[in-house]
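K.L.:
Given next are the chains, with one letter for each unit.
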Amino acid sequence: MGYLLRRVGFYVFTAWAAITINFFLPRLIPGDPVQSLIARSQGRLDTSAIESLYILFGLDTDKGIVEQYGDYLGQLFRGDLGLSFTFFPTPVSEVLADSLPWTLGLVGITTVISFLLGTFMGVLAGWWRGSWADMLMPVTTFLSSIPYFWLGLIAITLLADRGGAFPSSGGYDPGVVPSWDMDFVWSAVHHSLLPAITILISSMSGWVLSMRNMMLTVSSEDYITVAHAKGLSERRVMVGYAARNALLPNVSGFALSLGLIVGGTLLVEIVFSYPGVGFQLFQAVGAKDYPLVQGIFLIITLSVLVANLFADLVYLLLDPRTRKEG
Amino acid sequence: MALPTADVMPVTAPVKRRRRSRLLANRKATIGLVIFGFFCLLAVLGPVLAPYDPGERGDQLLVGPTADHWFGTTHLGQDLFSQMLDGSRSVMLVGLVAGVVATVLGVLVGVTSGYLSGLGSEGLSALSNVFLVIPALPLILIITLSLPETDDMTIALVIGCTSWAWGARVLRAQTLSLRRRDYVEAARATGESTWRIIGFEILPNLTAVIAASFIGTVIFAVLSEITLAFIGVPGVSEWNWGAILFWAQSQQALAQGAWWWFVPPGIAIALLGTGLALLNFGIDEYVNPRLRSSTKVRGVRMRVGFTPVLRGSGHGHD
Amino acid sequence: MTASTEPAAPGTTDVVLEAVGLTKHFPIRRRLRTLFAAQRAVHAVEQVDLALRKGRVTAMVGESGSGKSTVARLMAQLVRQTDGQVLLHGEPVRTGGRRFRAYCRRVQMVFQDPFASLNPIHTVRYHLTRALRIHRSETSAEELLTRVALTPPERFLSKFPHELSGGQRQRVAIARALAAGPEALLADEPVSMLDVSIRLGVLNLLRDLRDRLDLAILYITHDIASARYFADEVLVLYAGQVVEGGSGEAVTQRAAHPYTRLLIASAPDPDRIAGTEAEVTDAGGGEPPSLIEPPAGCRFHPRCPHAMARCELEAPPRLPVESNGDGPHWAACWLYDANTVEAG
Amino acid sequence: ACGDGTTGGAGNPNGVLNIGMPNGPQTENHNPFLPSSSSNSLGYRWALYEPLVMTNQVKPDEEGKPWLATEWTWSDNFRELDLTIRDNATWSDGKPVTAQDIAYTFTLLKNTPALNINAIPYAEAVAEDDKVTVTFTSSQFVNQMDILTQTPMVPEHIWSKITDPATDTVKNPVGSGPYTLKTFTPQTVTLTVRDSGYWQDLPQVKELRYTSYNDNNAQTTALANGSSEWAFTFISNYKAVYVDKDPEHHKLWFPPVLGVHGLFLNTELKPFDDPVLRRAMNMVINRNDVFMQGEAGYFYPEVKNVTGIPTPAGESFLADEFKGEEFEVDVDGARKLLTDSGYTYSGDTLLDKTGKPVQLTLSNPAGWSDYITTLEILKDNFSDLGIAATVDKANQDTWTSDVDTGQFEAAMHWTNNGATPYDLYQSIMDGALYKPVGTAGVNGNWGRFRNADATEALHQYANAADDTVRQEAMDELQRIYVEQAPVLITGAANAGGEYSTKNWVGWPDEDNQYAPAQPTQPNALDIILRLKPAS
Amino acid sequence: MVTTEPVLEIRDLNVNYGLGDDAVHAVRDVSLTLNRGEVLGLAGESGSGKSTLAYGMLRLLPPPGVITGGQVLYHPRDSEPIDLMTLSTAKLRRFRWSEIAIVFQGAMNSLNPVHTIAAQLCDVIAAHEPRTSRAAQRSRAKDLLELVGINADRLGSYPHQLSGGMRQRVMIAMALALEPRVVVMDEPTTALDVVMQRQILAQLVELRERVGFSVLFITHDLSLLVEFSDRIAIMYGGRIVESAPAAELYRESLHPYSDGLLHSFPALRGPRRELTGIPGSPPDLRAMPSGCAFHPRCPRAFEPCADESPVLAAPPGSDERPGERTVACWLHAVERVKS
Ligand SMILES: Nc1ncnc2c1ncn2[C@@H]1O[C@H](COP(=O)(O)OP(=O)(O)OP(=O)(O)O)[C@@H](O)[C@H]1O
Ligand SMILES: Nc1ncnc2c1ncn2[C@@H]1O[C@H](COP(=O)(O)OP(=O)(O)OP(=O)(O)O)[C@@H](O)[C@H]1O
Ligand SMILES: [Mg+2]
Ligand SMILES: [Mg+2]
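Those protein sequence lines, which keep their order, are chains F, H, C, S and B. Mapping the first sequence onto my numbering, position 221 (from 1) lands on 221, and the numbers just tick up by one. Mapping the second sequence onto my numbering, position 201 (from 1) lands on 201, and the numbers just tick up by one. Mapping the third sequence onto my numbering, position 227 (from 1) lands on 227, and the numbers just tick up by one. Mapping the fourth sequence onto my numbering, position 206 (from 1) lands on 206, and the numbers just tick up by one. Mapping the fifth sequence onto my numbering, position 239 (from 1) lands on 239, and the numbers just tick up by one.
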């Protein structure tokens with residue numbers, strides 16, 4: 001109970017911190033959306049458009065920053081993230097609704113798969129130490145040191161460009177209409193394979209390594225020896241005793257490093273021109289589209305928090321010591 | 001992204017005498033150290049060694065590796081080998097500075113919140129968790145773009161100031177376990193002042209953990225910095241490897257078949273990362289001897305639960 | 001002798017360190033369910049009175065979790081008491097900043113685990129010279145080592161703790177405590193982590209120091225036999241309260257409190273003839289009580305084979321026990337109340 | 001690259017034309033007036049809504065083609081426009097296009113400054129029968145084209161019901177164009193041809209598919225493999241990456257229009273306030289290198305004339321004295337020019353008249369790779385003159401505000417473009433736009449150039465009542481530019497595009513310059529109407 | 001109850017930590033016999049190799065432990081003896097716990113913190129008697145808990161919800177789950193306080209009466225052994241230096257080390273004994289003294305001690321019951337040679 005209370009407090013605090021950072025940081029960015037819209041058009045938008053744009057974006061009125069902060073919080077409570085500038089007058093929430101599913105689908109699922117697969121491989125590598133499993137280590141170390149984006153670019157060159165088997169960009173084939181039919185689903189899956197593999201390769205290694213280390217640490221606990229002494233089957237000892245315990249720190253590690261992972265994986269979207277929030281964030285930062293930047297940053301943070309909450313609940317389930325005292 | 005491995009490891013009593021030799025005896029650590037040293041050397045000498053001015057335009061546009069240009073040239077005829085050499089300084093500088101900043105912050109926050117108790121401690125710990133949860137790269141991106149002026153140093157500072165949290169967390173956990181140690185209490189009972197206890201009794205015992213967290217942050221900082229440069233965030237030195245990749249990407253080098261523009265920076269980053277990661281494993285294994293990988297000596301595989309029986313080898317007789 | 005049941009009168013010169021009504025409650029972190037309830041606490045030590053005299057060893061025995069270490073830490077002022085006072089030569093001790101150092105100089109502590117009480121990264125020399133420097137002592141590190149029978153001292157000075165055996169480490173820890181030139185030494189289970197074969201050496205060293213330096217020693221142990229062997233006076237602690245006290249022989253040979261009897265009956269004893277098991281079972285079983293909600297009245301009553309209605313209601317005061325000439329002896333048990341005795 | 005039958009080059013059988021833009025995911029917004037709308041970003045607004053007149057930007061001096069207006073006359077010193085509206089046009093919901101609708105559109109722009117992107121000072125728009133009279137508060141000579149060809153016309157019966165036209169995303173667009181919206185996804189917008197009611201022959205392209213690729217690379221790949229048949233994007237090595245994939249069909253045509261890109265020197269700073277120095281610097285710039293290396297040999301066409309006016313688009317505006325005056329790199333001449341007017345050399349370093357070495361920081365946002373490449377080339381060129389230049393890759397926002405407030409030494413920048421060289425020169429040297437260093441809000445003249453004659457000439461050109469005065473003003477402007485070199489022009493703005501002739505033919509090209517090849521221009525509609533299936 | 005019929009025979013067992021030259025010889029040529037129904041105490045100071053011996057004979061040593069020689073013979077009720085050292089992994093797995101169970105020092109660490117007591121009890125039953133139904137397993141687990149005096153409603157508890165004493169009892173219950181013939185107990189009560197220790201030991205003694213198994217009881221507390229075991233073996237420096245019936249050893253120890261041990265702890269009752277202790281400190285296994293490992297600390301050392309190690313053999317004058325009493329000391333060997 002105390003554990004939960006502390007976690008809840010932590011979530012509230014983090015969410016607040018994110019919201020606040022979220023509000024103030026973009027406002028410190030010099031320049032404004034109009035200037036940057038003009039700048040990005042590099043001449044294709046006439047300079048005389050400036051005035052009308054200021055009026056359009058509602059940037060012609062002045063308000064104190066504190067007042068704006070208050071308004072912002074109020075808006076958030078109403079679930080209103082404001083209007084995007086780049087896609088004016090589309091509400092940020094609509095932009096997010098378009099892009100978030102892609103990110104959740106790609107980054108979310110692959111992160112979880114990466115964790116599960118990495119953990120599984122780590123279990124094997126830790127358990128079968130001194131055998132072929134040790135070969136995994138140097139490879140894993142090397143892979144985990146390669147930046148996501150570079151791996152992605154190489155993957156595009158080798159597997160996508162020049163008649164390769166994979167598309168190099170986008171979330172689905174142009175011309176396919178998003179709906180739940182085979183065409184679209186296949187197209188979406190097809191487009192997500194390469195980025196997903198990239199994420200898997202570079203993020204899985206971390207889990208392999210940490211799970212292996214935890215397995216080694218746990219393997220020398222007394223209860224493992226006892227389990228062997230009890231004559232339990234190899235699999236039971238490995239899974240029910242060693243892996244089950246080694247998993248605990250890994251799960252809480254997973255929760256807390258989600259922020260790091262997600263930050264890195266967003267880059268994959270940029271490289272693969274994947275229509276997710278990472279790509280949008282990058283565009284929005286360039287466009288000084290504060291409402292969008294804020295919205296995306298907030299949503300990423302909140303998603304990470306929710307994932308965290310989820311991981312916490314899993315942890316709570318896995319570790320009886322954190323449950324209510326009996 | 002190399003995650004710090006084991007979460008909280010008991011700090012085994014360090015064996016001072018054997019310490020140095022043992023860390024070096026670790027093959028991983030040695031390889032890691034050699035790679036790291038090599039890149040440090042490059043950082044110092046690279047710009048001097050560069051055969052060309054990295055920004056100078058040449059006549060040979062976008063040619064592959066030749067005797068004149070070992071790593072080929074860019075679309076402007078700039079020598080990529082020189083750019084790589086020149087860029088190593090910025091990469092290493094930012095990585096190390098960010099590592100130092102993050103480590104110092106991590107030690108300050110982690111050790112303080114671990115040693116002190118009460119609200120302040122909880123607050124600091126919550127703060128580091130917040131920093132952990134907020135996605136790092138977008139945060140760094142937003143902050144760097146918010147700054148009016150950026151150069152290598154400011155970027156290093158930004159990365160350093162945002163990536164201390166993991167180190168702080170690990171250090172806090174370690175400090176918490178050390179704080180209850182009798183020798184800390186004993187030092188208190190002897191009349192040592194608080195700062196001396198932290199500085200002379202606790203910190204030295206955290207050296208390995210601090211070193212590991214430092215190296216972890218350097219890896220993270222290098223990757224972040226290169227990523228920023230690759231995205232085109234200004235301020236990172238001209239020929240930072242990420243900037244080279246940025247140019248390669250904006251000139252669609254891969255589509256043009258100019259692999260030489262892409263491959264060297266990527267390999268260099270991966271190599272540096274691998275070196276640092278190996279060094280970190282060395283430290284991890286040194287801190288936690290259970291992690292030593294080799295349990296297979298002379299054909300005998302040691303397993304938990306089934307002790308091997310050797311017949312005829314070294315008998316117990318004197 | 002009832003005199004000794006009261007705290008020694010102020011001004012008694014041979015009392016060095018004294019605890020009066022020492023109480024320590026460790027607050028427990030609030031939980032969601034108890035957020036609005038009163039703050040709960042572990043009642044680790046409750047109303048403990050004890051006096052350490054010059055040149056005498058006072059032993060404190062008790063099972064695990066009875067609060068022995070907490071008493072030692074309170075006496076060393078490493079932990080602030082919730083209530084009560086620690087008196088040094090009759091003066092109440094106040095320890096803030098500077099004054100703590102002055103107090104350290106006179107009261108030193110030796111910890112249970114010699115493997116943990118020396119910092120693995122510092123040499124023996126560092127440990128000793130730091131202590132000497134802090135207390136601006138004239139003594140040299142060599143001299144200290146000689147005093148704890150680590151000779152020749154040069155051989156040990158530049159060693160790291162891991163290069164020493166457990167007994168040697170504990171000696172270094174004692175030497176460090178002596179560096180301050182204390183008057184009182186609080187030894188918290190100084191030998192329980194040591195090998196049987198070398199325990200004796202350390203105990204004998206402490207006894208020797210008591211005699212030579214006229215130290216007042218608090219000897220904490222869970223081994224009642226060693227208390228008998230080593231101490232002049234024995235106090236028995238149960239669930240944070242002192243339940244019995246008296247000279248070593250009196251307490252161990254004619255234990256008065258049912259808990260002490262249980263303790264003695266449980267101690268391994270090679271001389272015990274098979275068949276006296278009954279004695280043990282008779283002495284009661286069960287587990288130590290929760291210290292968060294300690295039993296009302298006498299804290300031992302749920303386990304006590306002689307428990308009476310009164311025991312559940314009223315906490316017994318210190319009641320004198322008839323002594324057979326081996327010193328004062330008292331027990332906090334209603335069995336020794338005049339009325340009960342009569343009724344019995 | 002994938003086997004899906006609906007994509008790739010299979011457009012012809014179904015009458016589909018695949019158009020691409022590298023603009024990232026879109027949100028549904030068909031408001032034709034908003035620069036942020038998807039219809040604007042991808043360019044399909046011109047397939048839905050039509051302008052009054054169709055002019056060819058490549059040949060701005062040519063007479064426009066009647067479109068929704070069959071006749072247009074300017075009178076009263078370009079303060080009044082009389083329009084005759086076509087009577088056979090209908091909106092896609094079947095209602096006829098009336099003069100009332102046209103008047104309504106202008107009134108809407110007048111009343112909604114947020115939508116009046118070109119800031120046209122409308123006074124009033126009145127419809128009468130098939131005639132519309134639009135009045136303005138100032139002469140609109142230089143804005144003619146904006147009004148006639150860049151303003152999409154909207155139906156009153158729909159728009160008058162929209163509460164806030166500035167923030168409405170017009171989910172069901174109703175226009176007079178030959179196409180109607182079929183589907184929208186963030187990645188692809190599909191338009192189908194109308195069944196009937198279009199005022200001219202329906203196009204042969206039955207379906208337009210606008211795909212938004214996430215970046216240039218993706219767009220390039222799509223072009224290379226044929227899944228995009230028409231696009232506007234920068235390809236750094238277009239021959240190898242694009243044309244060579246299918247040399248027979250993969251074409252591109254990037255004609256210049258009347259706008260330029262150039263190095264803006266801060267003329268308030270010494271020694272760059274000296275026209276001699278600027279002229280000398282201009283003389284050493286290798287425009288061909290910039291074109292070939294910075295612009296991949298096609299993107300921003302080379303400006304050949306010394307006046308900086310892109311040709312052939314601006315051919316007819318050239319003063320007689322400059323006709324055929326081609327720009328040439330002349331390092332020796334530049335050095336001589338400098339030494340003759342008091343500059344000296346210390347070794348290879350140029351010293352200004354006060355004896356200080358001439359140094360220069362060239363700055364542009366880090367991400368703008370073509371500009372940065374250009375700067376690298378300029379830096380190299382300037383070193384021939386003994387000027388030590390450094391390239392500063394700035395933060396885009398800082399750069400934008402620095403340029404806005406005049407806190408820079410030299411930066412690549414673009415100018416506005418228009419139907420005459422007026423826009424270009426105005427962006428370069430209009431004293432009326434001048435704001436002192438430190439003051440923000442300049443809409444042009446970023447170099448803070450001040451020359452009363454130039455300002456006067458610009459004013460005259462915009463407001464003159466007759467063509468001779470205008471021609472004189474234009475000649476004067478060219479003379480001032482050549483003498484003063486306020487901006488070192490490096491290349492022209494373009495209105496081009498990449499297209500494939502595999503399935504569709506009839507594209508504009510060097511031989512048939514009927515329209516700029518850019519899919520987002522109003523002329524795109526003209527092009528689509530002319531496309532025929534490849535045999 | 002106690003017979004001389006051996007159930008477990010350890011012959012010349014050698015255990016090393018590590019391989020090659022820097023291997024530590026933790027157990028050297030140890031031979032020991034456990035008879036049916038007896039409690040055999042194994043005493044010796046820390047690091048003398050007691051645990052290594054216990055784990056070694058079950059092949060449970062963690063890396064880098066290796067067994068470098070010797071046999072461990074288990075005598076099943078009605079078949080040929082089995083050498084544990086030659087069993088295959090699968091057979092060994094089946095053998096463990098059903099024949100020999102083991103209770104470790106720290107019960108907290110011996111129980112898997114993430115599974116309930118019931119799960120862990122059923123685990124072992126399921127592994128060895130796979131055909132037992134769930135319900136049967138559970139009722140068996142309940143019986144077992146009751147056997148060691150824990151209320152059956154604790155079945156669903158997690159280890160951290162039990163006190164130290166309860167956990168240790170759970171471990172004992174678990175050890176008895178398959179009715180093994182041998183239970184090895186490595187310092188099962190050291191972490192507990194005396195009251196709890198006695199409760200558990202009393203229970204153990206009682207269970208042995210009822211169930212009838214042999215116990216190898218390891219501790220460094222000699223006084224405890226004297227009271228509880230039938231026979232005691234004393235280890236020093238990786239070797240058994242003396243073994244004798246408990247009472248005899250207490251009355252008259254032959255090896256000076258045993259004697260020193262017996263005189264290291266004060267008596268609780270009776271006259272205050274003189275305590276001599278043992279001077280010096282335990283040997284470093286890496287650098288063992290030559291000859292008898294104890295000789296540098298031995299008050300009665302003489303010439304042969306430093307040169308040759310004595311063999312474990314029956315002392316002179318104890319021939320009536322062979323194997324009952326052995327000692328490895330030149331003091332007694334010399335006498336035997338003389339006589
Ligand atoms: N810092 C603390 N916070 C909360 N409770 C504490 C703290 N320190 C001790 N306690 C509790 O106080 C009680 C007494 O602890 P103490 O360590 O004094 O016992 P002890 O007699 O020394 O036991 P042992 O023989 O195991 O050393 C225990 O119940 C313990 O859990
Ligand atoms: N992993 C290891 N590597 C090297 N030496 C070891 C290892 N484990 C144990 N030893 C050594 O083996 C010897 C025997 O250890 P063991 O644990 O059997 O002693 P013990 O008699 O059980 O002691 P205790 O009473 O402390 O449990 C010790 O000297 C120890 O130092
Ligand atoms: Mg204690
Ligand atoms: Mg042991």
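The set of hints was computed from the structure by calculation and includes no laboratory data. Be aware that one or more of the hints could be misleading.
[Said to hold, decoys possible] Label-pair distances were calculated between CB atoms; the ranges are:
(1) Glu56/H / Glu268/S: 26 to 34 Å
(2) Gly257/H / Val239/F: 32 to 40 Å
(3) Pro113/S / Gln75/F: 24 to 32 Å
(4) Gly120/H / Ser290/C: 45 to 53 Å
(5) Ala306/B / Trp132/F: 35 to 43 Å
(6) Glu122/H / Arg99/C: 49 to 57 Å
(7) Val239/F / Ser290/C: 52 to 60 Å
(8) Ser88/B / Val239/F: 18 to 26 Å
(9) Arg94/C / Thr194/H: 45 to 53 Å
(10) Asp384/S / Pro148/H: 48 to 56 Å
(11) Leu104/F / Trp259/H: 15 to 23 Å
(12) His190/F / Gly257/H: 23 to 31 Å
Quick reminder that beta carbons are idealized off the backbone N, C-alpha and C, glycines included.
K.L.:
With reference to the structure, classify each hint as holding or not holding.
P.N.:
Hint by hint, here is what the structure shows:
no.	hint	in the structure
1	Glu56/H / Glu268/S: 26 to 34 Å	holds, 31 Å
2	Gly257/H / Val239/F: 32 to 40 Å	violated, 49 Å
3	Pro113/S / Gln75/F: 24 to 32 Å	holds, 25 Å
4	Gly120/H / Ser290/C: 45 to 53 Å	violated, 31 Å
5	Ala306/B / Trp132/F: 35 to 43 Å	violated, 50 Å
6	Glu122/H / Arg99/C: 49 to 57 Å	violated, 29 Å
7	Val239/F / Ser290/C: 52 to 60 Å	violated, 37 Å
8	Ser88/B / Val239/F: 18 to 26 Å	holds, 22 Å
9	Arg94/C / Thr194/H: 45 to 53 Å	violated, 18 Å
10	Asp384/S / Pro148/H: 48 to 56 Å	violated, 34 Å
11	Leu104/F / Trp259/H: 15 to 23 Å	violated, 34 Å
12	His190/F / Gly257/H: 23 to 31 Å	holds, 25 Å
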